[in-house]
Structures are given as C-alpha cells and as structure tokens.
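Visitor: Here's the letter readout for the chains.
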Amino acid sequence: MILKPEPTLKDLVYIIDSLKLSKEKLIDMYYKMSLIREFEEGIASKYYEGKNPFNMAAGSIRGEMHLSSGQEAVAVGVCSPLSKGDVVVSTHRPHHHAIAKGVNLKSLAAEIFGKETGLCKGKGGHMHLFDSSVRFSCSGIVGASFPQAAGAAFAFKYKGLNNVAVAFAGEGAANHGTFYETLNVSSLWELPLVVVIEDNMYADSTPKSFSVSTTHHYQRGLGFNVPSILVDGMDVLDVYWASNKAIERARKGDGPMLIEALTYRFRGHFEGDGQEYRTREEVELWRSLDPINRLGKRLIALGLTSQEELREIGEKAREEVREAIEYAERSPLPDPSEALRGVFK
Amino acid sequence: MRKVKGISFAISEAISQEMERNENIVVLGEDVTYWGAVFGFTMGLFNKFGRKRVIDTPITEQTFMGMAVGMASLGLHPVVSLMFVDFLGAGFDQMFNHMAKNHYMSGGQFTEPVTIITAIGGGYGDAAQHSQVLYSLFAHLPGFKVVVPSTAYDAKGLTIASLRDQNPVVIFGHKLLTGLPFLPYEGREEEVPEEPYTIDIGKGVIRREGKDLTIIALGLMVHRTLRAAEMLEREGISAEVVDPRALIPLDEDLLVNSSRKTGRVLIVDEDYMSYGVTGEIAFRIQSKALGELKKPISRLAVPDVPIPFSEPLEKAVIPSVEAIYKEGMKLVRG
Chain C
416 MILKPEPTLK DLVYIIDSLK LSKEKLIDMY YKMSLIREFE EGIASKYYEG
466 KNPFNMAAGS IRGEMHLSSG QEAVAVGVCS PLSKGDVVVS THRPHHHAIA
516 KGVNLKSLAA EIFGKETGLC KGKGGHMHLF DSSVRFSCSG IVGASFPQAA
566 GAAFAFKYKG LNNVAVAFAG EGAANHGTFY ETLNVSSLWE LPLVVVIEDN
616 MYADSTPKSF SVSTTHHYQR GLGFNVPSIL VDGMDVLDVY WASNKAIERA
666 RKGDGPMLIE ALTYRFRGHF EGDGQEYRTR EEVELWRSLD PINRLGKRLI
716 ALGLTSQEEL REIGEKAREE VREAIEYAER SPLPDPSEAL RGVFK
Chain D
2 MRKVKGISFA ISEAISQEME RNENIVVLGE DVTYWGAVFG FTMGLFNKFG
52 RKRVIDTPIT EQTFMGMAVG MASLGLHPVV SLMFVDFLGA GFDQMFNHMA
102 KNHYMSGGQF TEPVTIITAI GGGYGDAAQH SQVLYSLFAH LPGFKVVVPS
152 TAYDAKGLTI ASLRDQNPVV IFGHKLLTGL PFLPYEGREE EVPEEPYTID
202 IGKGVIRREG KDLTIIALGL MVHRTLRAAE MLEREGISAE VVDPRALIPL
252 DEDLLVNSSR KTGRVLIVDE DYMSYGVTGE IAFRIQSKAL GELKKPISRL
302 AVPDVPIPFS EPLEKAVIPS VEAIYKEGMK LVRG
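In the order they appear, the protein sequences are chains C and D. Each residue of the first sequence is one higher than the last, beginning at 416 in my numbering. Each residue of the second sequence is one higher than the last, beginning at 2 in my numbering.
If you're looking for bench data, these hints aren't it; they were derived computationally from the structure. Bear in mind the structure is a predicted one, so any value in this text is a computation, not a measurement. It is possible that some hints are incorrect.
[As the list claims (entries may be wrong)] Covered stretches of chain C, going by a simulated chain D footprint (3 or more residues, C-beta under 8 angstroms): (1) 530 to 538; (2) 541 to 553; (3) 557 to 571; (4) 599 to 605.
Just so you know, even glycine gets a beta-carbon here, dropped at the ideal spot from N, CA and C.
Extracted from the complex, chain D is given alone in its bound form (with noise of 0.2 angstroms):
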C-alpha cells in the first residue's frame, strides 16, 4: 500500500472522493483555491472541480459561515475552511448560534450538514493569534460534533464520515501534522488505502498498550505521547497511550476501561487548561472508576496564558515530549 506523509494529503483526497460521489457538496472560505486554504486542506480540488464548486470567498467568516447555514437548509453539503481556527471570532455567532443549534431550535426541520475544517495549534513560532487549538470551545457549545484527528489514516475515514453527516462538524487538523514542507512535521508516514473508507466519530482508538499508567492525547499530542512513552519503557514504565479522534461524541467507554486497567491517568491536551478537555476527561473518569485509581488523575496544558511568541517561552507553555514523560514518571514513581 501506498505510504502518505500528513493529514492535508488525505483530507483533501476525501473531499475529491465524496465531491466526485456528491455533488452537493462544495468548498468555500479563504484562498481554497490556489493555496488549497493555506494549509494543504484542499488542495487540488480546485484544479479538479473549477470554480462553481470550489469557492474563494471574501475575507468574511460571518457571512462565509451564515451562507454555509443557508446553504444546508436547502440540501448542500458545505465544506467551510476557517483557515486558523483562531479566527472563529470572526464568524461564531453564526456557527454557534445557528449552525449548532438550527436542528434543535427547529424541531428536527432544519439540519445542518456543514464540514468546517480547520488549521489548530502552535510550536512553529505563529503566537498568540494563530497558535490556539481552541476545540473545547466548540466542544463546550451543544451542536458540533469535535474531530481530531491525529494521523493521516484517520484523518481520512473521520473526514468521509463528516462529508456523510447530516451535523455540523469541525475537524481540528494540527499544522505540525499537515506534512506540508514549509511547517515541521511530527507525524510519522503511513499506509493510507486509496480508496474510500469511513471512521466512525467517537471511536477512539489505543495507539500503544500499556499497563502501568494511561496517558489520554489528541492531534499533536498524539505523537508527543508517543514519543514519551518510548522515553517511559526505557525507564521499565509501559504507559497505554489512548486516543479519543473526537471529543464530541467522546469514548468515554475506551477512556474509562483504559484507566480502570492501569490505574493511573495523565491527560495531555494543547488547549487552555482550565474549564477545558483536561477537566471534562477527568471528571468522566473519575465518576465511574474512582475506586480503581491508584493516584489522582494528573493533567497537562496550556497554563492559562497565550502562546508567547519567543521560543523558549512556547515551548514553555505548549506540552513537550519531556513534560509528557516526566509528568508520567511523577506519576508511577513519584
């Protein structure tokens, strides 16, 4: 099988795949067309379908996501870029305040069958306002279904099942995960099939077993994780690293069974500590496998500051591979 190197590679042949099965669907948001919206997500869809299905629009995400909104009520699948997701700013009242909530205020009349795709997280030195992950915001708000993927297998299967959906959903793809040249890349190439497969939103997935703590990550982190968890076994620590791919809906099943096996649990997360993933993951737990934890859950994030922009000082704040590990050492050790 073919090896693909990046999340932007395989989103971007999703979309080709269901625009050529569909043809209610189309792109639209800023510079989807010759930039494939900057960060490869749909990239080559352009030179495939032309303009009448692949739409640069104003610098407008308001009015880009309004449209979106009226669009799905007449039977369209739009494919919303938000190019950073730190400019939903820019355009939430009309995702969260109607996108989110159409179905639900209208009775079940109105269904919104909208994929928003966009580009998450920092650690190549973009700051404070285009380096957030943002997710549990949307998470927070009834009405989305949260994707995140971290590999480019998954991210292909999650954004076919979007582009069947008859929700909203936003898949968060991490930049250090595109694989596009001009960003690092963290990732690892892997077998992706050519053809067309779906992933079911809210099955997570074990990316390493274990058997001493359980360590819960997403996109990026994913990979961090990963890594650390190499760092562990060297140290004769064998850490099951459990990826949830959505936070809405969430495995709570595989996050539950996980922790009660180990009895240990770290949550890793790049958005804002408080009020956020870390906080939700650890109170679901804890509700259903108090008795079977050996420690308090521990967590990792962002502390509650924006991403600086100075290195040292990012790499202060965004979960490293050496955080990871050393907060798992403190947990089975310490």
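Just chain C, same shape as in the assembly (with noise of 0.2 angstroms):
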C-alpha cells in the first residue's frame, strides 16, 4: 500500500505460485513474525517494571531498549530463504534480525536479562548478541554491519561454499562511510553480499528528510553498480521477493544486491524515546499497514487458513515468548569472576 497496490485475489495466487510458497511457508512466516512482534511487547512489558520513575538502570532490564514493533516483515522476509550456514549481522536493534535467523529464544530473552545462561553469559546484552551456531551476530555501532558481513562473504568466497552474507542496517547507517566502502567493494570483487536497508524513516530521532541527501538509498547502491530493489517492507510477502531473488543471485557468484525496504518502528527509538519528532497521527497511519495483520488477512483470502487459527498461531507465539522470558527470570546471573574472564581466547 506505500509503493504497490494491494493485489486483488487472483494476482495473489500468482504472485505466491511463482515464489513457490508453501502453505506451511507462509504460515512459519507468520508464526515468525508474530513471534517477534510477541517478544518485543513482552520485553517492553518487562522493561519497565521498575522503571517508575524512568531510570535505564533500575529494573530487570537494564541499559537502553531498541526494540522493533513494525519492522517484522523485512527480518522474516529477508532471512526466510536463508540457511543456517549463511550469516547475518544485525544493528543495535537486532531481535527480530536474531529470532528470523533462528536463535535460541530462551538464550536470547536470557542475554537481555544480563543472565548466565544467555546468549554470551550475560556480557554482550541487547545490542551485542552473538550466536554461532546460527552465525548470527550484531553490533551497537551504526553502520559496522556492512564491512563484517562482507568480511563473511568474502570467506564464502575464498573457500568456495556457496552460502551467503546479509547486513542489515538503518536507513540513518547508510550515511555512514561504510555504506559506500563496502558497496565498492563488494561489487568490485562480486561478493555474495545482500545489503538490506531497513529505513523506518529517523535516524533516532532524525526524519530521513534532513539527513538524507536523495530521496532513497537504492538510488545509491546503484552509483556502485549494485542491482538495487526498492520494497514494501510492511509487506512480508514484497520483501521475501527481493531477498529470494538477491540471495540466489549471491549464491550463484553473480555479487551483491541492495534491498531497500521501507518500514516503521511503531515503538520509539528506544524505550524512554519521547517521540517529539514525529505525529501521533503517522504512527496511527503506520500501525494500520501491520505487517502481521496484511498476511494474516491474505491467508484468509487464500483460504490457506482461518481467523480462528491465526488466534491459535498468535496463543502459541505469545506461549513461547512467555517461556522464554520465564527462563531468562529464573535463571541465574552471572558470578561476578566471570567479569575478569574470556577477553583473550
């Protein structure tokens, strides 16, 4: 609805054919995306209990907040072609990138709470999560994805695997130099690098129209001659698009591609964020593009399901997510000596 017409009922069953989209596909698609949209109101939740009045450090969350609401249909469309030996490095605000690639929920809920038995044993925390197993990684540097997934997809290169390397970024890190360094680079040396920009339009609290000189960054990516692909990012089904055909093309040795996917944080930049930058009213434009809601009500016009068992897919994601959370509770925190532990290998 922000770059397409919403398609009618016959161009949908094309569209979805020629993706090859499986029931159980889409219907894991909008497990997934309920699943973070679950996980990032139960973390809020449970960041601010202790938090009146509001202070970052008090609580069982501490330290600033990034959380995603609105932004679930560019981490499940893009990582839904992915396997589990391809990498992603993710931002600051990297939970829907992790939960998308498949990390460990509990491990994840467990790391935010600073516990033992999370991702990193309690010293990464919310904006440094890693997990190898599904090598997923992030950073709370803006605009350090780029240069590390290239860095990974080099590696692919070198030893002749053909998996691939994904770096999400905010439209504000693709001001940052390393946009442009890593775009030359990767093209020159045909990487199996797909650049997603996720541009949920401020940059903290920056609209994208005082800190972004062209109207959209793919125009950029194309400077570098880099396929570059604008998408609907509130359209799960618009992004799964441009993520499949990228990804394909990097694994066959064609290079890099740039997906540009416009969305919307419907929470602030971080929790506290009080929002002077922009409209209530745009916020309730936003929220009625719901990226979970716009598949959910295609699955029903697809007959591929019912009201009735989206209820019962949203029950079983908010179950999960009350699990994990439960987890991270219980669990211990860390001993103190473990501070002094694990700077060298």
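Work from the hints to combine the two standalone chains into their complex.
Guide: Structure, rendered in structure tokens:
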C-alpha cells in the first residue's frame, strides 16, 4: 500500500505461486512475525517493571532498549530464504533479525536479562548478541554491519562455498562511510552479500528528510553497479520476493544486491523516547499497515487458514515468548568473577 | 647461518612460511601486492601466492578492518596491513569496538584470529601524521595483543606466533628497523634461522646485562639505548637493557626483577609521555619493588607534542642516544 496497490486475489495467487511459497512456509512466516511482535512487546513490558520514575539502570532489564515492533516483515522476509550456514550481521536493533535467523529464544531473552544462561553469558546484552550456531552477530555501532558481512561473504567465496552474508542496517546507518566503502568493494569483488536497508524514516530522532540527500538509498547502490530494489517493508511477500532474488543471485556467484525496505518502527527509537519528532497520526497510519495483519488477511482470503487458526498461532507465539521470558527471569545472574574472564581465547 | 638486515624481510618470510602451512591465511590492505605494504612487511607474497590470497583493498581502513572481523568469524586468519599506524583513526571503530571485543562480548563464541601489521615511528622527517607510535592506545584497550619487535630474529618468531594465535595481535614494526634502502637503518645485521620458529608473545629479553641501572625500551629505542649503554660503560656505569618485546601481555616479572637488581630504572619510549607506556610500567615496578629502588623511576618519551617536521625540532622530541645517555648519567651520578 505504500509502494504498490494491494493485489487482487487472483494476482495474489499468482505472486505466491511464482515465489513457490507453500502453505507451511507462509504459516511459518506468519508465526515468526507473531513471535517477534510478542517478544518485543513482552520485553517492553518487563523493561518498564521497576522503572517508575524512568531510570535505565533500574529493574530487571538494564540499559537502553531498541525494539523492532512494526519491522517484522523485513526480518522474516529477508531471512526466510537463508540457511543456518548463512551469515547475518545486525544492528543495535537486533531482536527481529535474531529471531528470524533462528537464534534460540530462551538464550536470547536470558542475554537481554543479563543472565548466566544468556547467549553471551551476560556479557553482551541487548545490543551485542552473538550466536555462532546460527552465524548471527550484531553491533551497537551504527554502520558496523556492512564490512563485517562483506568479510564473511569474502570468506565464503574464498572457501568456494555457496553461502551468503546479509548486512542489516537502518537508513541512518546508510549515511555512514562504511555503506559506500562496502558497496564499492563487494561490487568490485563480486561478493555473495545482500545489503538490507531498513528505512524506518528516522535516524534516532532525525527524520530522513533532514539526513538523506536522495529520496532513497537504493539510488546510491546503483552508482556502484549493485542491483538495488526498493520494496514495501510492511509486506513480507514483497520483501521475500526481493530477498529470494538477491540470495539466489549471490549464491550463483553473481555478486551483491541491495534491498531497501520501507518500514516503520511502531515504538520509539529507544524505550523512554518521547517521540517529539513525529505525530500520533503518522504512527497510527503506519500501524494500519501492520505487516502481521496484512499477511493474515491474505492467508484467509486465499483460504489457507482461518481467523480461528491465526488466533491459535498468535496464542502459541505468546506462549513461547512467555516461556522464554520466564526462563530468563528464573536463570541465575553470572558470578562476578566471570567479568574478568574471556578477553583472550 | 645467514645474516638478515631488518625486520621487514623477517616478517614477510614468516608470513610466507605460515601461508604455506595454513591456507586460511590471507593478506589484505593497501598496496600489499606490488609494494609489499610499502614498508616491506608483505614483500614477495604476491609473487608467490597471487591475488587470491594477497589482496589490495581500496583505501578504506574501516571497511577492510571490518571485513577482517567477518573473515575471522568464519575461520580465516586475515593478516591486515595498516600502512602507517597514524591511519588507525580511519579504521579504529572496527578494531577496538569489534575485533578486540567480539570474543569477550560473545561469551567466547566468536574468535578473532587477526594479525595486524603496522609501521611506526619517526626520525626521517615525515612529521605529525606519519611518525607516531601509538601502541599504547592499543595496549590501553582490552582485547589486543601488542607486539613491538626490535630485531629481525624476534620479528620472525613473534610474527609466526601471531599467525598461530587465536586473538587479534598487532605487530608494530619500526620504520627505522625495516632495513629498506630508502630509510635510515638503526638496527644490526643478525643471524636469523631459515626454518620457522616462534617466540612467546609476552616473553621479554635482557639485551645487555648490567648492575647499576635498568633501562627499559621497545622497538627502535632498544637500539638507541644499547648505544647509550656503551657510552655509559665508558663512564664506568653498567646499564642493563631490558626489551619487553610485547606490551600485552607484559613480562612484568622480567622488568621487576631487573629493577630490584639494579635499584635504578629509566624507561625510554617513543610514544607520547602522558598516560602511556612509561607511566604504566613505572607503576607496576614501584608497586612490587618500591623498597628496593634507590631513586625515583625516571622516563624519556615524546613530551606531549605532535612530531614536528623540521630536523632539529624532530630530534628534540624523539628520545636520542644522547638524551638516554644523559638521563642514565643523571640517574646514577646525579
């Protein structure tokens, strides 16, 4: 609806057929997006416990918190064609990418709570999540994901593997020099890299209109001979279409692609954000494009599921998140002596 | 045994031998093919291993350092040339926020076997942005091993050790020790075995035995100190010269034991004076050997100014043989 008209039922059938998406795959995408939403909202409610008046250091989840509600379609659409051996490098807003890449939900939650059972034994926290078993990592430094994913792509090519690496970044990060440097070198060396710009319109509080000299970043990708696609980031099928194409192309050895997904974060940049930079009406408009509802409606229209079944899927996601958060809360905090271990291998 | 002049030949031979042994080693950076990374640290590798494993990057420090992080996460061992250490500003985020931290932050899941080789130091008129040493910045930030070879023998053994290490190691090669024809050379020709060998990173060495004072120095300063020690000898002063060879890990026992033995300590450093190597080493020595010190610890370093261009100015700020000699005299006779 942002970029393209909502397809008629007949066209929707054609799109799904041509993407070779089975019912199971579509339901799985719906489930993963629901899982992300439930996780983010679940973390949000735990985050505020003990933080009245608001104090980042208080409560059971400490520090900054950047949540991704609204951006689920980008993560799930991009990661659905990936395998376990492919690499994803994410950002300071990493939960949706982590979940879409298959990071264990309990270990993820435990890390966010700073627990010993967390992915990183409590040393990383919400902005520094690592899971080597599914080749997922992220960084709290804006613009850092591009070269790291390009390095992974280099390693795949060097070893003659047909894996790909994905760099996620926001539209704000794409003003960073690493974006241009990475596009240049990955195009030059034909690296199996997919660069995904999640354009949620705001770099922290700065609207895109005050930070980007072009309308879109995909235009910049073209300047480096990198095929670049603009997609509706609130439409998981549109994202999947582009991602599938980019990943297939990279696996064949034909080099990098750029996907720019227009999306929106329903919550603030960080929890506690007063959001002075945008209107309630704007947020409401984007909420009406909720990517989970959009996919749900289509699945019902296609006769692939029912309202009741979707409700059950949502319930299942809620339950999985509840268990993960409970696991995190129950887990022990790390022993202080752990702080002095692990600088070197 | 054959004689070798300079650390550049030794380092490039070490990399070459390890590349033959380990196909996961790749070399990248600016001008690493035809120009051997300018200061010779990668010379000959391109002819031997070709462009698949020896790769000229665009001038993009942040990006090729970040790529090294990604490459290391998948089992490659990148050898990255940072042409001059002065250029670290252009790539430091990927180094200190990622390469140095990912092992710790990931709870040990991600290792960073990366070897960075960089050229340091002044004394040939390259001024404020091409003459710095800066190893104390890396030593200050947890996660890097910091290696400063002063001889060709050490350079080869320490480079091979770095290439077998699973951590990020930064090798700081002094330009006046490279042995290249276009630069002054202050080292000595020495015997270096052809076969591969390693030196433990963090194991220092006594370059010269002495009993009246201990002079601690790294890199080029080791050679200037040895010359100053000869001058002191002529005055009847016996100086012990200790070369830690690495800042992280630091061979603290060696430094402390020598200080206890002589009771007088001079630390000579080519990095900036304040909040750096001299202060850190002095702190560690006094915390263990204060009672045995006959004099307060003394130091020479670049006196908190950028390295100036003009020759008399440059000479005034980088510790010279004469300055080390004078400081040594003062410490023992003053």
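Visitor: Determine for every hint whether it applies to the structure shown.
Guide: Results for each hint:
no., hint, verdict
1, 530 to 538, "holds (count 6)"
2, 541 to 553, "holds (count 6)"
3, 557 to 571, "holds (count 12)"
4, 599 to 605, "holds (count 3)"
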